[in-house]
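Given the coordinates of chain R, work out where chain Y should sit on it, guided by the hints.
So the protein lines, in turn, are chains R and Y.
Under this note's numbering, residue 394 is the last one in the first sequence; the count climbs by one each step, no gaps.
Under this note's numbering, residue 311 is the last one in the second sequence; the count climbs by one each step, no gaps.
Don't take every hint at face value.
[Stated by the list, open to error] When the alpha-carbon atoms are kept at most 27 angstroms apart in a straight line, the in silico DSS-like pairs for lysine-lysine are as follows:
hint, chain 1, residue 1, chain 2, residue 2
1, Y, LYS28, Y, LYS264
2, R, LYS309, Y, LYS106
3, Y, LYS92, Y, LYS200
4, Y, LYS264, Y, LYS278
5, Y, LYS78, Y, LYS264
6, Y, LYS26, Y, LYS78
7, Y, LYS278, R, LYS312
8, Y, LYS278, Y, LYS26
9, Y, LYS106, Y, LYS200
10, Y, LYS264, Y, LYS92
11, Y, LYS92, Y, LYS278
12, R, LYS385, Y, LYS200
13, R, LYS385, Y, LYS106
14, R, LYS137, Y, LYS106
15, R, LYS309, Y, LYS264
16, R, LYS309, Y, LYS78
17, Y, LYS278, R, LYS267
18, R, LYS233, R, LYS267
19, Y, LYS278, R, LYS309
20, R, LYS143, Y, LYS106
21, R, LYS143, R, LYS309
22, R, LYS143, Y, LYS200
23, R, LYS309, Y, LYS28
24, R, LYS381, Y, LYS200
25, R, LYS317, Y, LYS278
26, R, LYS320, Y, LYS278
27, R, LYS267, R, LYS188
28, Y, LYS92, Y, LYS78
29, R, LYS317, Y, LYS92
30, Y, LYS200, R, LYS137
31, R, LYS381, R, LYS143
32, Y, LYS106, R, LYS320
33, Y, LYS200, R, LYS312
34, Y, LYS92, R, LYS309
[Claimed, not checked] Covered stretches of chain Y (in silico footprint by chain R; criterion: 3 or more residues with CB under 8 angstroms from a CB of chain R, positions within the stretch not fixed):
hint, segment
35, 49 to 55
36, 83 to 93
37, 232 to 239
It should be emphasised that the hints constitute simulated quantities derived from the structure, not laboratory data.
Remember, predicted model here, so these are calculated numbers, not experimental data.
All residues carry an ideal CB built from backbone N, CA and C; glycine is no exception.
Residues per chain, in single letters:
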Amino acid sequence: MTFGTILGAWVAVFLTLAIFSYLYKDNPFYKVAEHVFVGISAGYWASMFFWTQIQPNLFGRLWPASGYNADSFWYKIYNGLHFLTSTVFPAGGIDKGHDMHLIYLIPFALGIMMLLSVSSKLSWFARWGIAYTVGMAAGLRAYGFLNSNVIGQIKGSAMQFVGGDIPFFALIGNSIFNNIVILVGTIAGLAYFYFSKEHKGAFGKLTKLGIYFLMISFGASFGFAVMGRISLLIGRFVDLIDYSKAQYNHATIWILVVMIILLGYNAMKDRDKNLPVSKDVA
Amino acid sequence: MKDKQFWIIGAAITVAFLIFWMLGHPGFNSERIVMFVAIVGMAGTLIYYIRIAKRGESFFLRTIPGLKAVEEAVGRSTEMGKPVLYVPGIMDMDQVETVAGVIVLGHVARMTARYETSLNVPVSRSIVMKAGRESVRESYTLEGRPDLFHEDIVHYLTDDQFAYAAGVNGIMNREKPAACLYMGKFYAESLILAETGNSIGAIQIAGTASQAQIPFFVTACDYTLIGEEFFAASAYLSQKPELLGGVKGQDMMKAGIITVIILSVILRLFHDLGWIGWDVLNFLTVQ
Numbered sequence: 113m114t115f116g117t118i119l120g121a122w123v124a125v126f127l128t129l130a131i132f133s134y135l136y137k138d139n140p141f142y143k144v145a146e147h148v149f150v151g152i153s154a155g156y157w158a159s160m161f162f163w164t165q166i167q168p169n170l171f172g173r174l175w176p177a178s179g180y181n182a183d184s185f186w187y188k189i190y191n192g193l194h195f196l197t198s199t200v201f202p203a204g205g206i207d208k209g210h211d212m213h214l215i216y217l218i219p220f221a222l223g224i225m226m227l228l229s230v231s232s233k234l235s236w237f238a239r240w241g242i243a244y245t246v247g248m249a250a251g252l253r254a255y256g257f258l259n260s261n262v263i264g265q266i267k268g269s270a271m272q273f274v275g276g277d278i279p280f281f282a283l284i285g286n287s288i289f290n291n292i293v294i295l296v297g298t299i300a301g302l303a304y305f306y307f308s309k310e311h312k313g314a315f316g317k318l319t320k321l322g323i324y325f326l327m328i329s330f331g332a333s334f335g336f337a338v339m340g341r342i343s344l345l346i347g348r349f350v351d352l353i354d355y356s357k358a359q360y361n362h363a364t365i366w367i368l369v370v371m372i373i374l375l376g377y378n379a380m381k382d383r384d385k386n387l388p389v390s391k392d393v394a
Numbered sequence: 025m026k027d028k029q030f031w032i033i034g035a036a037i038t039v040a041f042l043i044f045w046m047l048g049h050p051g052f053n054s055e056r057i058v059m060f061v062a063i064v065g066m067a068g069t070l071i072y073y074i075r076i077a078k079r080g081e082s083f084f085l086r087t088i089p090g091l092k093a094v095e096e097a098v099g100r101s102t103e104m105g106k107p108v109l110y111v112p113g114i115m116d117m118d119q120v121e122t123v124a125g126v127i128v129l130g131h132v133a134r135m136t137a138r139y140e141t142s143l144n145v146p147v148s149r150s151i152v153m154k155a156g157r158e159s160v161r162e163s164y165t166l167e168g169r170p171d172l173f174h175e176d177i178v179h180y181l182t183d184d185q186f187a188y189a190a191g192v193n194g195i196m197n198r199e200k201p202a203a204c205l206y207m208g209k210f211y212a213e214s215l216i217l218a219e220t221g222n223s224i225g226a227i228q229i230a231g232t233a234s235q236a237q238i239p240f241f242v243t244a245c246d247y248t249l250i251g252e253e254f255f256a257a258s259a260y261l262s263q264k265p266e267l268l269g270g271v272k273g274q275d276m277m278k279a280g281i282i283t284v285i286i287l288s289v290i291l292r293l294f295h296d297l298g299w300i301g302w303d304v305l306n307f308l309t310v311q
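Looking at chain R on its own, in the form it has when it is part of the complex (with noise of 0.2 angstroms):
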């Protein structure tokens, strides 16, 4: 095994015993893996979304590799930018597969926008591409929330009450007894998050009921996802185990045990810290 896979395992399991020992309350351990975790993220969210999103797909589509022509005035600023970095604008333009999309520079220049926030008298330049963004996504996901969050589900309501191959009740699946729970648990459901009546008399009995509906269903779904908590913690147990093996040289063990005593010795410190002064000594 070499050493970096080693040097990997200890400390990967330094890491998760660090977050796992928040359990016992915050301590230092936590404290150096949290903001290793939050320090390196960040750093690394930006390097992604530079070398996925900005290089290939914006300026790919600006100026791809398709269309290079060293004499054109676009492909002379190109160039330009080649010479301040090679790595970003290779030679010749980018390929990335892209043919050339001038429209791409209404997010390049939003972009540039939001990046004019950094100064306090441009900084409202920003609010234009925040504008874009929310107004973007408000007309684009108007359509298809309404087609799967409304006509679906009145479609989907609208069930299979007769016929002769649906049998009266049945524990899994469709029958005539579970279609009626489902339409009455979607109607009561609704009118639950009717807010211009008071809930009271039948009305308020109905939406009751659609209560009971939502927090039978928040049950059902809470406990599936704590399952799926338990499996991840069953793999990181598996992963542990794994790297308290010899040929890691026991990295679990000796990790473990010197953050157990270090905690209890600081343990032990903050107690005489705050043991009361006695009449004599002092």
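Chain Y only, in chain R's frame:
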């Protein structure tokens, strides 16, 4: 007929569409007629109720305990001299929950400015940070306390989901906020955040439409705004007539949807019994 102008324009558009339809409706995809009817119906309902709300008609809106608790939570933080922590979810401004979260942030910021309470808003997206700052700045200015605003109120942590959760947990443990508000779109980090907030004894109010995360918030928070309650929050908190009209309009849409569901069930039943040939399921299928 509370709004004559609306009904006249509505009738004129309907007549114009019927003429267009009888002339063969060129360029109109008739397989998507159900979407067209839904969009026009819903937009018309919303516009109608917003208009009559603007004209001064008041609507009854039932109390939502979670929204009343927002002011109590800020008040509690003020009394204890501790900050308010506001988490606007982990997604970008292209998600409707994040937009709603930033709008509610504006209302919360007005309260913190009024009570001179410290506000802390860690975010995980750069655009949300910018939008959040604008919203908080505006609130502090409207409350006449621009001196209390500083850009670090809304600060970026990281884009990574669990690194963000770890960072917010760290803030909770070290600053010990008296109130934690989670309003936006959440995924698996929801329980981690809410559990930590619970462990430090903060009053917690959550609002989200993320169906899979609502159970966690219901379990660990004092109040949870479920789905539509969260979207109605900004109308409740601002009491602006146009927003209240929007809530009333959405209620009428819900009543309409319940009616359509019942009608669809009856029509399907008749079709399955062979009493009618028209299949409602085909009509409801958007091609």
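Which of the listed hints are broken here? 2, 18, 21, 27, 32, 33, 35
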